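Make the full structure from the sequences, and use the hints.
The number in the working numbering is simply the position in the sequence shown, starting from 1, with 5 added.
Simulated from the structure, these hints should not be mistaken for laboratory data. As the structure is a prediction and not an experimental result, all values here were calculated from the model. Hints may contain errors.
Computed cross-link-like contacts, DSSO-like style, restricted to lysine-lysine with a CA-CA straight-line distance of at most 30 Å [claimed, not checked]:
1. Lys-200 <-> Lys-276
2. Lys-276 <-> Lys-31
3. Lys-279 <-> Lys-190
4. Lys-276 <-> Lys-20
5. Lys-276 <-> Lys-101
6. Lys-61 <-> Lys-190
7. Lys-200 <-> Lys-101
8. Lys-200 <-> Lys-190
9. Lys-61 <-> Lys-31
10. Lys-20 <-> Lys-61
11. Lys-142 <-> Lys-190
12. Lys-190 <-> Lys-101
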Amino acid sequence: MTILVIAEHDHAALKAATLNVVTAAKRIDNSIHVLVAGSGCDGAAAAAANIDGVAKVLVADASQYADQGAENVAALIAAVAGDYSHVLAPATSTGKNVMPRVAVALDVAHVSEIVAIESADTFVRPTYAGNVMTTVKSIDGVKVLTVRTTAFDAASANGGAAVIDALAPGPDLGLSRVVGREITKSARPELSAAKIIVSGGRGLGSSEHFHALLDPLADKLGAALGASRAAVDAGYVPNDYQVGQTGKIVAPQIYFAIGISGAIQHLAGMKDSKVIVAINKDPEAPIFGVADYGLAGDLFQIVPELVAALG
Numbered sequence: 006m007t008i009l010v011i012a013e014h015d016h017a018a019l020k021a022a023t024l025n026v027v028t029a030a031k032r033i034d035n036s037i038h039v040l041v042a043g044s045g046c047d048g049a050a051a052a053a054a055n056i057d058g059v060a061k062v063l064v065a066d067a068s069q070y071a072d073q074g075a076e077n078v079a080a081l082i083a084a085v086a087g088d089y090s091h092v093l094a095p096a097t098s099t100g101k102n103v104m105p106r107v108a109v110a111l112d113v114a115h116v117s118e119i120v121a122i123e124s125a126d127t128f129v130r131p132t133y134a135g136n137v138m139t140t141v142k143s144i145d146g147v148k149v150l151t152v153r154t155t156a157f158d159a160a161s162a163n164g165g166a167a168v169i170d171a172l173a174p175g176p177d178l179g180l181s182r183v184v185g186r187e188i189t190k191s192a193r194p195e196l197s198a199a200k201i202i203v204s205g206g207r208g209l210g211s212s213e214h215f216h217a218l219l220d221p222l223a224d225k226l227g228a229a230l231g232a233s234r235a236a237v238d239a240g241y242v243p244n245d246y247q248v249g250q251t252g253k254i255v256a257p258q259i260y261f262a263i264g265i266s267g268a269i270q271h272l273a274g275m276k277d278s279k280v281i282v283a284i285n286k287d288p289e290a291p292i293f294g295v296a297d298y299g300l301a302g303d304l305f306q307i308v309p310e311l312v313a314a315l316g
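Okay, here's the thing in structure tokens:
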């Protein structure tokens, strides 16, 4: 068996999620190839070749992959997938956009967000917001999978010496085009890769209170900022802050849940965090059921005291 991992990248460098997918691929077989589709993507290809355990990197470098459009990338993957037993990608917004299209093109099932691998054809994935773990067996010749990256450790980014081969690009299908991007720039760590996350909920009351209380704490800890869906829907922060079933799935070393009640949809996105610290005025809030440390009290008093104690 040879496994194809779809690299997620910004052309110049790989995104961390790719390393977690390589680890998942190793649980199936040690013959691993990585596909890098981009434009001017030599940097990403070189980084992929350096990943420990990768044998070959396929590079499709063409202008039609500059915007990582799902239609063009999926067609490319489908064209080469027949040479592989498994095709894996991160269960990010990009992976979720591309891989179902690949499965349709190959007329196979798409097994999404796997969190464990029992054998080459049997996988575990969460259902019902993670309340049930479903074991899925695929009988398809090519297994098309997305991987929940928080469930697998990152492979070493160094130590590999893979061969880099050029791959003939597919045609530009012209089915969609990017007309603009609004990119949020922040000095803070990326939410999905942060080791410490400070998240706020509707209990903060307003956008002004959200930032006045949580920004200083995040700055002290070198943490990323997150939020519950309720806080996002209330307009406290943009939706790229959202953690939960319909937001980002995270598993940092420490997760602060401040003013978050703990709805199951939010827990689905952060319950795999190594340490959970909850601050909420309601001692019966569901968040305390999953928290390692809980403070029942007025967050408007507790958070400033915590910031002051951090020096």
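Structure-based check of all given hints:
Pair hint Lys-200 plus Lys-276 holds up; C-alpha atoms about 14 Å apart against a cutoff of 30 Å. Proximity of Lys-276 to Lys-31 is assessed by CA-CA distance (about 25 Å); at most 30 Å being required, the pair is judged to hold. Using a Cα cut-off of 30 Å, the hinted pair Lys-279 and Lys-190 holds, with the two alpha carbons roughly 27 Å apart. Between Lys-276 and Lys-20, the direct Cα distance comes to roughly 23 Å. Compliance with the 30 Å bound is thereby established for this hinted pair.
Between the alpha carbons of Lys-276 and Lys-101 the distance comes to roughly 21 Å, so the proposed pair stays at or under 30 Å and holds. Between Lys-61 and Lys-190 the alpha-carbon distance is near 34 Å, which puts this suggested pair outside the 30 Å criterion. At most 30 Å may separate the alpha-carbon atoms for a hinted pair to count; Lys-200 and Lys-101 meet this at roughly 24 Å. Annotation: proposed proximity of Lys-200 to Lys-190 holds, straight-line Cα distance about 19 Å (limit 30 Å).
Straight-line distance between C-alpha atoms of Lys-61 and Lys-31 comes to about 14 Å, which keeps the hinted pair within the 30 Å bound. A threshold of 30 Å between alpha carbons decides the hint, and for Lys-20 with Lys-61 the separation of about 18 Å falls inside it, so the pair holds. Between Lys-142 and Lys-190 the CA atoms are separated by roughly 41 Å; this puts the pair beyond 30 Å, and the hint is violated. Restraint check for Lys-190 and Lys-101: the C-alpha separation of about 23 Å stays at or below 30 Å, so the hint holds.
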